[in-house]
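Participant: What follows is the residue order along each chain.
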Amino acid sequence: MAEPATTTPAAAEPGALQERGGAGDQFRVFMRRFLRVRLVKPALFILLAFAIIAIFIDVFPLPGYEEQATDENGFYLSWLSPNWDHPFGTDKIGRDTFSRVLHATRLALAVGFGASLFGAVFGLPIGIAAGYARGAVDEVLMRIMDAVLAFPGLILALALVSVLGRDIGNIIIAVGIANIPWIARIARAMALSVREQDYVLAGRTIGAGNLRIMLRYVLPNSFQPVIVQVSLGAGFAIIAEAGLSFLGLGIRPPEPTWGGLVSEGRQVIITGDGWWLWVFPGACIALLVWSLNIIGDGLRDVLDPRLRGGLEGD
Amino acid sequence: MWTYVSVRVLQAIFVLILVALASFAIFRILPGDPLAALSGEGEAISEERRAEIEEELGLNKPLHEQLGDWVGGILLDGDFGQSALSRRPIGPELVQRLQNTLHVGVLGIIVGMLIGVPAGVISALKPSSMGDRGVTILSVGGVSIPDYLIGLMLILIFTVTWNVLPAAGFARIWDDPAQSIKSLIMPTIVVGWVLSAIVARQTRSSMLEVLRQDYVRTARAKGLRERRVIMLHALRNGLLPVVTIVGLLLARVFAGAVIVEQIFNIPGMGRWLVQAALQRDLLIVQAMILVIAIAIVIANLLTDISYGILDPRIRYG
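Chains as they are written, first to last, in numbering that gives the first Met the number 0: chain A, 0 to 313; chain B, 0 to 316.
Fair warning: there could be bad hints in the mix.
To list a few chain A residues with every Cβ distance to chain B over 12 Å, as calculated [said to hold, decoys possible]:
hint : residue
1    : Arg31
2    : Leu34
3    : Arg35
4    : Pro60
5    : Asp70
Computed footprint of chain A on chain B, listed as stretches where at least three residues anywhere in the stretch have a Cβ under 8 Å from a Cβ of chain A [unchecked claim]:
hint : stretch
6    : 3-15
7    : 71-80
8    : 143-151
9    : 258-268
Have a look at the derived ranges for each label pair, beta carbon to beta carbon [to be verified]:
hint : chain 1 : residue 1 : chain 2 : residue 2 : range
10   : A       : Phe59     : B       : Arg216    : 27 to 35 Å
11   : A       : Tyr75     : B       : Glu64     : 51 to 59 Å
12   : A       : Pro219    : B       : Ile308    : 40 to 48 Å
13   : A       : Arg133    : B       : Val70     : 43 to 51 Å
14   : A       : Pro219    : B       : Ile172    : 51 to 59 Å
Derived from the structure by calculation, the hints contain no laboratory data. Where is the CB? At the ideal position from N, CA and C, for every residue including glycine.
Let the sequences and hints guide you as you build the complete structure.
Facilitator: Dropping the structure here:
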């Protein structure tokens with residue numbers, strides 16, 4: 000199924016000739032294989048939809064997330080079940096759940112990818128330094144990573160937030176720290192194998208220093224597995240942020256969060272009313288995290304052929 | 000063998016020291032006030048009162064002495080310090096709550112194994128079959144659907160709609176068996192659901208690996224029944240790596256406890272941790288994340304050692 004790059008239809012197109020075997024072609028081959036992995040297409044579609052919502056939320060003709068719906072007599076339309084005007088119903092003071100759920104998308108994506116990239120920015124140098132230096136440096140750095148891993152992600156985030164406070168930057172840091180060790184382990188494994196390669200030896204013979212080898216040889220080779228982890232890490236971060244908000248330790252109201260919305264619904268669940276308050280934001284969390292997991296697994300299948308035949312078949 | 004064990008023990012001790020330093024540093028070095036709980040909504044406590052409490056809790060000493068007192072107190076007297084709010088000692092309550100959390104957690108791990116292992120084996124035996132697809136979908140679902148959603152769905156079905164299970168009222172099994180079983184069914188399912196997804200995934204990949212091995216082919220070639228090949232030759236080696244994730248499962252149990260105990264009103268560590276974090280009673284949070292991290296480091300150490308004993312290949316790894 001791995002077709003040689005020169006037989007791709009794109010290569011036959013006018014103007015595509017100079018690209019043959021180049022980065023563009025590689026990318027097309029990659030995309031074609033990636034899209035063929037089961038469920039990747041719907042997952043990408045969901046991620047894209049959430050991204051569009053997050054970017055253009057202010058353009059949509061929606062009521063504000065704090066706006067309270069009223070009837071012609073000025074009474075608040077509270078506890079409405081889903082209907083045409085309010086597709087996800089309204090809450091106890093008449094706020095439109097649909098609008099609140101969509102408005103929370105931006106925060107979820109920002110914390111998800113922010114925390115995941117935070118982990119990559121710190122995990123990459125730690126892992127590369129450990130794997131490249133080996134010996135005592137490796138031992139110490141990796142034991143530090145083990146120590147971070149000893150704290151379950153959500154609990155570490157909860158402790159850090161209780162100390163640092165609850166603005167978005169602190170939440171990204173608090174959730175992101177748990178991602179550092181995973182990235183560092185992957186980067187270390189790459190560094191350990193790349194440093195033995197002939198092209199590194201060649202680089203060294205022509206006078207490349209340690210820093211240059213780490214930056215120009217090891218780092219680029221670590222990107223592919225790290226991208227997989229960034230996608231999976233974003234899923235974890237979104238769940239963790241929603242968990243913090245659910246527990247009342249996330250971004251402070253009134254700004255809506257998915258976890259916070261679920262928590263509002265939970266408070267009335269025993270009465271049997273208001274299922275729409277938590278089902279819709281909850282479904283958003285699950286859909287977004289599901290799509291990130293499928294994309295991460297799919298990327299791994301395509302980028303790391305050794306693992307193929309794993310989860311998704313192909 | 001003994002080299003492997005002693006190296007792992009030394010590593011674990013080093014990690015434990017780092018863990019203790021980290022739990023201390025988070026609360027004393029980062030810009031946060033250990034007495035934040037006392038200066039509630041806007042009104043700060045007076046300077047004298049503050050100095051008094053700091054004196055009493057030992058917070059006015061230099062940092063290294065505080066660290067020494069804290070670690071020394073835990074190691075020598077089992078003294079975890081006191082709550083800044085209630086001033087009650089943390090240790091005794093922590094033991095109580097740890098028991099409650101493990102009560103739910105151990106049941107969850109059992110359920111997770113009982114569901115996850117067979118599911119993983121079935122899907123590995125027939126890759127790409129309907130069963131495999133189902134297990135894959137479930138295991139991706141298990142890591143994608145947050146545990147509080149599962150919990151709320153269960154409450155909606157079993158408490159609100161059918162009214163057969165209580166959403167609160169935790170009791171220990173040896174105190175009140177009937178009540179205990181009723182109140183633990185839903186929390187156990189929530190914890191077990193997440194764990195079974197992880198277990199199924201691990202079992203599946205490890206079984207797939209084993210089924211590719213030569214000795215499985217040999218067993219088949221010499222005419223053994225497929226059943227016997229699987230049960231005797233493949234399973235024994237295939238399930239071994241599953242043991243290594245017990246530490247990871249324990250981490251998930253503690254992380255899950257934070258949520259599950261909140262939803263089902265279980266007086267365990269997770270609920271206490273959330274209360275303490277909300278009230279910013281940081282000395283409690285500090286003690287609890289230390290205990291959780293120690294439990295996980297030790298669980299990882301024990302699984303690594305037992306794995307080393309069971310599988311001679313990794314001893315010199």
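Participant: Please list, smallest to largest, the hint numbers that this structure does not respect.
Facilitator: Of the numbered hints given earlier, those the structure breaks are 7, 10 and 13, listed in rising order.
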